Amino acid sequence: MSDKTTAIPIRDELVNLYLNNLDLITEGSAEVLNQHRQEAIQHFKLLGLPTQKNEKYKYSRIEPIFAHNYEKYFAPKRIAFNVDDIFRCDIPELDTHLVLVLNGFFLSKAEKITTLPSGAIVGSLAEAAKQFPELVKARYNRLAENQTDGLVALNTAFAQDGVFIYIPRNVVESKPIQIINLLMSDENQLVQYRNLIVVEEGAQANVLVCDHTLSPKRFLSNVVTEIFVGNNAKLEFVKMQNEHNDSALLTHTYAHQQRDSRLTTNLLSLHGGFIRNNLSVTLAGEGADAQLYGLYLTDRTQHTDNFTFIDHAVPNCTSNELYKGILDDQATGAFNGKIMVRRNAQKTQAYQSNNNLLLTADARMSTKPQLEIYADDVKCSHGATVGQLDADALFYMRARGIAEREAKLLLMFGFVHEVVKHISIHTLRERIDDMVNKRLRGELSRCHNCPMHCC
Amino acid sequence: MLVIKDLHAKINDKEILKGINLEVKAGEVHAIMGPNGSGKSTLASVLTGRELVEVTQGAITFNGKDLLEMAPEIRAREGIFLSFQYPVEIPGVSMVNFMKAAVNEHRKYRGLEPLTASDFLKLMRERKELVEIDSALTNRSVNEGFSGGEKKKNEIFQMAMLEPKLAILDETDSGLDIDALRVVANGVNKLKRPDNAVIVITHYQRLLDYIVPDYVHILYNGRIVKSAGKELALELEEKGYDWIKNGENA
Numbered sequence: 000m001s002d003k004t005t006a007i008p009i010r011d012e013l014v015n016l017y018l019n020n021l022d023l024i025t026e027g028s029a030e031v032l033n034q035h036r037q038e039a040i041q042h043f044k045l046l047g048l049p050t051q052k053n054e055k056y057k058y059s060r061i062e063p064i065f066a067h068n069y070e071k072y073f074a075p076k077r078i079a080f081n082v083d084d085i086f087r088c089d090i091p092e093l094d095t096h097l098v099l100v101l102n103g104f105f106l107s108k109a110e111k112i113t114t115l116p117s118g119a120i121v122g123s124l125a126e127a128a129k130q131f132p133e134l135v136k137a138r139y140n141r142l143a144e145n146q147t148d149g150l151v152a153l154n155t156a157f158a159q160d161g162v163f164i165y166i167p168r169n170v171v172e173s174k175p176i177q178i179i180n181l182l183m184s185d186e187n188q189l190v191q192y193r194n195l196i197v198v199e200e201g202a203q204a205n206v207l208v209c210d211h212t213l214s215p216k217r218f219l220s221n222v223v224t225e226i227f228v229g230n231n232a233k234l235e236f237v238k239m240q241n242e243h244n245d246s247a248l249l250t251h252t253y254a255h256q257q258r259d260s261r262l263t264t265n266l267l268s269l270h271g272g273f274i275r276n277n278l279s280v281t282l283a284g285e286g287a288d289a290q291l292y293g294l295y296l297t298d299r300t301q302h303t304d305n306f307t308f309i310d311h312a313v314p315n316c317t318s319n320e321l322y323k324g325i326l327d328d329q330a331t332g333a334f335n336g337k338i339m340v341r342r343n344a345q346k347t348q349a350y351q352s353n354n355n356l357l358l359t360a361d362a363r364m365s366t367k368p369q370l371e372i373y374a375d376d377v378k379c380s381h382g383a384t385v386g387q388l389d390a391d392a393l394f395y396m397r398a399r400g401i402a403e404r405e406a407k408l409l410l411m412f413g414f415v416h417e418v419v420k421h422i423s424i425h426t427l428r429e430r431i432d433d434m435v436n437k438r439l440r441g442e443l444s445r446c447h448n449c450p451m452h453c454c
Numbered sequence: 000m001l002v003i004k005d006l007h008a009k010i011n012d013k014e015i016l017k018g019i020n021l022e023v024k025a026g027e028v029h030a031i032m033g034p035n036g037s038g039k040s041t042l043a044s045v046l047t048g049r050e051l052v053e054v055t056q057g058a059i060t061f062n063g064k065d066l067l068e069m070a071p072e073i074r075a076r077e078g079i080f081l082s083f084q085y086p087v088e089i090p091g092v093s094m095v096n097f098m099k100a101a102v103n104e105h106r107k108y109r110g111l112e113p114l115t116a117s118d119f120l121k122l123m124r125e126r127k128e129l130v131e132i133d134s135a136l137t138n139r140s141v142n143e144g145f146s147g148g149e150k151k152k153n154e155i156f157q158m159a160m161l162e163p164k165l166a167i168l169d170e171t172d173s174g175l176d177i178d179a180l181r182v183v184a185n186g187v188n189k190l191k192r193p194d195n196a197v198i199v200i201t202h203y204q205r206l207l208d209y210i211v212p213d214y215v216h217i218l219y220n221g222r223i224v225k226s227a228g229k230e231l232a233l234e235l236e237e238k239g240y241d242w243i244k245n246g247e248n249a
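Protein chains in written order, with numbering that gives the first Met the number 0: chain A, 0 to 454; chain B, 0 to 249.
Among these hints, one or two may not hold up.
Claimed, not checked - Under the rule of at most 16 Å between Cα atoms (straight-line distance), these lysine to aspartate or glutamate pairs were calculated in the EDC-like manner: (1) K346/A <-> E371/A; (2) K233/A <-> D259/A; (3) K107/B <-> E405/A; (4) K189/B <-> E131/B; (5) K164/B <-> E77/B; (6) K99/B <-> E405/A; (7) K164/B <-> E27/B; (8) K191/B <-> D213/B; (9) K407/A <-> E88/B.
What the hints assert, rightly or not - To list a few chain A residues with every Cβ distance to chain B over 10 Å, as calculated: (10) L23; (11) T25; (12) G27; (13) F73; (14) E110; (15) Q130; (16) P132; (17) K174; (18) R341; (19) D375; (20) C379; (21) D433.
Hints in this document: simulated from the structure, not taken from any laboratory.
This one's a predicted model, so the numbers in the text were calculated from it and none came from an experiment.
Glycine residues also receive a C-beta, built at the ideal position from the N, C-alpha and C atoms.
Model the full assembly from the supplied sequences, consistent with the hints where possible.
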C-alpha cells in the first residue's frame, strides 16, 4: 500500500462537496431547481462517474479529468474587470440577442431576464425559476437522465443557474438568440450549469451557443441543456465549441419534439482539449423531423467524443444525421450514434452517417453507428467511413497549379463544408467557414478581438 | 518548347515507355494516336508529374528547364495543362474556390497580385462565354454530378482560365457526343495562339477533324513508330491499327 494518505475517491469527494455546501448552493439558486437536488445526489452516489465499462462511455475516460484540483464557486465570483473590454463577439453583421454566462452564472448588466419585443423570454434560469416558476417547473429536469448517467445527476445536484429561453405560442423570433459561455478565472475551475429552452406550439427560433475559454487555467464544464419543441414549432440550435487544450467540456443535450416539429442541431467542435457531447432526441409526435449535424476538428492530443441517440417513438417521423471529423497528430475521437425505432413507429425514415479523415498514422477514430429497429415498415440506413484525403483529387488540384498544402486545405475545407452548409443564418455560416478555414491552417481559431492566447 | 529525349518510364516495374523522342514547338498542334495500352496516357502522366510513374531513363525539357525536376504544381505554373481523361469529382470544393486558388497561384508564381473578387468573377464570365460553358456548372462543386460531356467541357473551361503554354488533351473526345465534341474543339481552337502548343492524345480521327494537327505520331508499344502530317490520321482511320501492329511485327 502507498504510504501516502489514502486519497478520497472522487465520487465521495463530490458528494461531500455537495453536503458541505448545500446551503450555499440552494441560496444561490431557486426553489424549482433546489427541489431536484436531493434525489439527484442520491443517483450520483449510486452511479458515480461513468467508467469505460459503461458502453456509452467506452471511448472516453471521464475520471482522470476530474482528478485535478478545481475551485468550485456557489455564487458568482466578482471579477475585477469588464468582460466587454476583453471579449466582444466579432461575427460581422450578426445581429443577435446576446446573453453572457460567466463561469456558469448568468452575467447581467441590468436585467437578469428580459421579454423581447416578440414576446420571447430570455435570461437567467435561476431568475426565471423565481419570476415564472410555473413555466420552469413544468419542464425543468423532465428530460435529463439522472437515473442512468452520473454526470447528469451530478449536474442536477449542483447546477444553480444557466440560461432560460422561452418562445411563446406562435411567436416567430427572427433574431438569433446567442448564448456565450465564457470561462475566465485565475484558478482552475469546475463549472456546472443548466439551460432550458422551450419553443411552444407554432413558435420559431434560432439559438446559437458559443463556448469559450478566456484564461489559460484548467476548466471542466459539465452542462445539461433541455430543449422542448412543441407542435409545429421550429428550432435551429447551433453550438460552437472553441476552448483551449487544458479544458474539458462535457455536454448533455436532451431534446423532445412534438407533432410536426422541426429541429436542426449543428454541433461544431472547433477546438478543445477534451470534449464529450451527448445529444439525445426524442421524436414524440407524428410528423416530427430532426436534422443532426456535427463537426469536430482535432489535433495534438485532443479528444472529441460524440454520442447521439435518436428515439423514433411514434410513426411517421424523419431524422437525418451527419457527423464529420478531421483528426490530426495524435488526436483521438469517437462517434457513437444510435437510432431506436420503436415497435409502432411505422413509416419511420432515419438516416445516419459519420465520415472521418485521419491525417496521420497516429490519429485514431472509433465509430459505432447503431440501428435498433422494432417496426417493420421503415426506411433506415447508416454508414461510417474512416479514411485519408483522396489522392486523385489532390493530384488533380496540383495539376492545376495549387500547392500540395493548399490543395489539402481545400479538400479538408470541402469535406467539412458539407456540415457547415446546413447552418441557415448566412452571416454565421460564413463566419464559421472562416473559423474552420483558420483552424485547418493552424492559425488562431479564437475570435479576433480576444487578446487571450488560449488556443 | 517541349523536348523529350529517349524517355523510358515504368509503372510497378513494368516498362511502358521505351524510348520516346518528341519535340513540340510554339504554335504547333501534335496528335498522338495509338491503340489501347500503347503508353499514351502514361506519357501524359510523365509530363504532368504523376507519382505512380517512374522515369528510368531520358530527359524532358520545357522552355529549357528540366521538367522532371519539378513538382506537379510547378509544371502547371510553368504552363503545362492536362485535360484529364477522367476528371476527378471533388465534393464540397466549389468551382469558384478551386479556380480562384489555381489562378492566384499562377499569378503569384509570375509575381502578380491576386485578382480581386470582382475581377476574378469577370474573368470567369468571359472565359465561360468563350468556351460556351453553362454558367450553372461553375456554381457547383468541382465535377460533382457532372455528366461525361460536362466534365470534359469543364476541363476546357479550366484551360481557358489558366491559359497554358502547352495543353495536353488526354482522350478528351472519349464519351462525347458530336455536339459536345464540337464545343470542346471550338474552345481549344479559340485558345490557340502562335505562342502556345497543343498535344492531342486520341484513339480516333474524329477529334482531329475539328482540331487539325500539324503532326501526327503513332505510339505503339512504348515507342513512336511513325510520324507524319495530318494525312497520317486519315490513313490510320482507313487501315486500322493492325496496319501498324503488323508493320511492327513484320
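Hint by hint, here is what the structure shows:
no.	hint	result
1	K346/A <-> E371/A	15 Å, holds
2	K233/A <-> D259/A	9 Å, holds
3	K107/B <-> E405/A	14 Å, holds
4	K189/B <-> E131/B	11 Å, holds
5	K164/B <-> E77/B	8 Å, holds
6	K99/B <-> E405/A	12 Å, holds
7	K164/B <-> E27/B	11 Å, holds
8	K191/B <-> D213/B	13 Å, holds
9	K407/A <-> E88/B	15 Å, holds
10	L23	51 Å, holds
11	T25	51 Å, holds
12	G27	47 Å, holds
13	F73	47 Å, holds
14	E110	43 Å, holds
15	Q130	47 Å, holds
16	P132	48 Å, holds
17	K174	29 Å, holds
18	R341	34 Å, holds
19	D375	34 Å, holds
20	C379	23 Å, holds
21	D433	13 Å, holds
Going down the numbered hints, you'll see the structure goes against none, and every one checks out.
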